[in-house]
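Colleague: Letter by letter, the chains look like this.
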Amino acid sequence: MKVCVIDDDSSITDVFKTSLEIAGHQVTAENSSKAGLELLENEKFDVTIMDLQMPELTGMDIVNSLHQSGRIKEQKIIILTGSDPSKEEWGDMSAKGVRLTLKKPLQRELLLQTIDVVSKQP
Amino acid sequence: MKIGFKVAFSIAIIIAVFSAGLLLSITQTRQAMIDETGKNAITFSRDILDRLDQRIFGAMNSLRIIAVDPEVKQLVIESNQEFDKIDDVDSYLAEKGAEWRSYAGKENPIFNEMIKNPLSQRLEELRQTFHKSSGIDIFPEIFVANKYGATIAENNRLTDWDQSHRLQFQNTRDRGWHVSDLYYDKSAGIWSLEVAVAVEDGDKFAGMVKTAYNIEDIIQVFLDSTEQSSYETARFAVFSGDNLVIHLHGTENVDIGTDVTNIVEFYDARNIPEGTYFGENPTTGKIAITAYSTSDGYRDFPGLNWIVGGTIDEEEFLAEVNQLQNILLGIMAISIIVGAGIGVVMIRGIVPPIRKIEKAAKEISNENFDEKVEIKSKDEFESLGKSINEMAAKLKQARKDKDEMVAMLTHDLKQPLTSILGNCDLLKQQLLGDLNEDQTKATEVINSNTIRLRSMIDNLITAQKLGLGALEFEIKKTSTKGIMEENITTHSPIMSNKKIEYSDTSTEEFTVNTDKRRLLETFTNLIQNAVDFVPEEGGKIEIGAKDSDKQVVFYVKDNGEGMPEDKVGGLFQKYYQVKSKAKRKFGGTGLGLAVCKELVEGMKGKIWLESEVGKGTTFFFSMPKAD
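The listed protein sequences derive, respectively, from chains A and B.
Each residue of the first sequence is one higher than the last, beginning at 1 in our numbering.
Each residue of the second sequence is one higher than the last, beginning at 1 in our numbering.
No lab work stands behind these hints: they were computed from the structure.
Some hints here could point you the wrong way.
Derived CB-CB ranges, DEER-like [said to hold, decoys possible]:
1. B:P416 with A:Q113: 37 to 43 Å
2. B:E367 with A:W90: 26 to 32 Å
3. B:K567 with A:K2: 56 to 62 Å
4. A:Q121 with B:N449: 44 to 50 Å
5. A:Q113 with B:E390: 31 to 37 Å
6. B:Q397 with A:K87: 35 to 41 Å
7. B:A361 with A:Q113: 33 to 39 Å
8. A:P122 with B:E367: 46 to 52 Å
9. B:E390 with A:W90: 35 to 41 Å
10. B:D532 with A:K2: 55 to 61 Å
11. B:E367 with A:K34: 48 to 54 Å
12. A:E41 with B:K394: 32 to 38 Å
13. A:Q121 with B:E390: 50 to 56 Å
14. B:E404 with A:W90: 17 to 23 Å
Keep in mind that this is a model prediction, so the values were computed, not measured.
For glycine and all other residues, C-beta sits at the position ideal for the given N, C-alpha and C.
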């Protein structure tokens, strides 16, 4: 599958890229959130893993933008976050089209399973 | 209100002491006044008595002038010589006496002759002379008797011719003088007093010169004095030695000669020569001071046995003191009122601000930092209130800072952990190449410790949320089977790594109302604790769920060193650690068990433990069964 990973921390994007590529996915990693938004606007991916806390544009900014443009339905977004979103926050994310949240740090198996599950969603 | 009570009590004590002081001074002043007045009254009485005594002494002296007159002496001696010739003087006296008495009511020739004889003339001459020179009438009436007691001269009053048996003659003969007490002279119709002196021939008794005074003349002295008294309610009296009224000056009219033996006021006077008495006057019924004195004589005159006394009503002589007393009582009353007023004002000024501060402090200790203290009294309380508000604001800010710091920290910590774990997974699964045994072990250690680190961060976040009251439980019907399976899966790697026997010893499946995530969090904490407590060799951990009526009780059992009873109590407090004798160091932030307790209790369960030193520890926690 085509997977997009957006996180400002390159050691995270590196390890995910390696991990997912070993599992047979095609991975595009992006460290700049601005470039990431552009990427999501123009290219289609099966699943996108995205961090929340990023400089310039945050994960939510990107989600809002995609939601406005309608692209969010096609780009299946999984939010990967170090913070613990509250019910309200998750509600907001879900309403805007986010598929799932994952918490950092996480084990490889969980990551792979989640990607699998989300990609099978309509 | 305790402070209010203390203030009021203190003020009351001060006023009481002050009042007591005032009362004492009033009482003492009063007593001093009474004593002073009493002394003055006695002095006054004594003074009068002295003058009376002097008066009598003066009278005696006047008579002596007559008694030592050569002509009088000569005539008396001549009479004596004539009587010496009589054989039976007693018979002669009796005869002549009877004859004298026979003339009672009629013309008395003996008397007529007596008042004209040479002696009588001489007496009259002396009287005139004295009157001319001193202006004083030396005697109103006078009698002379010879040594046998026969009256031989008189000037105007009939008297008993035979004086021999009379007391005044006998006294005069025996000691040279006589003064009688008050008596009623029937012939003259007046209360009188007699004075007599002896006529002497060398040192022998030759005769008697006697006079009688109208008592009114005598007590003129007394009347003059009492005119000067400035007291209106004062009553003064003179009583004779036989307790007869000589004079009573005051509001009542009591006749001279009234017997007052039974009047209580002077009852003690016959026993105690001088005294005062303060109390109810039985005659008037009023409270008064009564003072008296008795005569003590003048020169060789031993004195009349008279009493002079006086009484003054308390109303009058204590008028000033009573007035002062009333003023002081007024001051006392005012000071009580003022004191009470001050007390009220002080209490009003102290208690409400203290209450406000108390309330604010309580709110702050309950971590409500928004309560503001409003005190505008422009005193220390106002600044205290402001300080408390500042303190609350700072505490609020400090907590906010802490919360932000924790949030930031826990968030930031997860970043490096993510890549550590990610890479570790790749290594562990030999996706980056084969690993030898040592390398595999090493990656396993990295992995388990990273997971360890993650749960410590999770605990910190949970504890923070619990502290903020921000943790929300999602209670759902959950199967214990799934929970147990996940527990085994999650922790088996580390168990196999450390060669710890790890198993689920549940015999049944249940459905409970719980928040799965938080339940697993609890298990993770307890299991990770157990891992640290089991021995290096032959460690064993059992987990499971068992039935307990309406609850399901979960357990985590280890065969570690156990804990002594006295250490068990504080176990669920934050930051508490039991010192382990095991070589393995006990890590952790000390939050684990405290978090477990709050999570379990938040899900309506209970958590407890059983432990035996040397055998092991079992942690239990219950969850309500789903219907």
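Colleague: Could you tell me which of the hints above the structure violates, numbers in ascending order?
Modeller: Hints 1, 4, 5, 6, 7, 10, 11, 12 not satisfied by this model.
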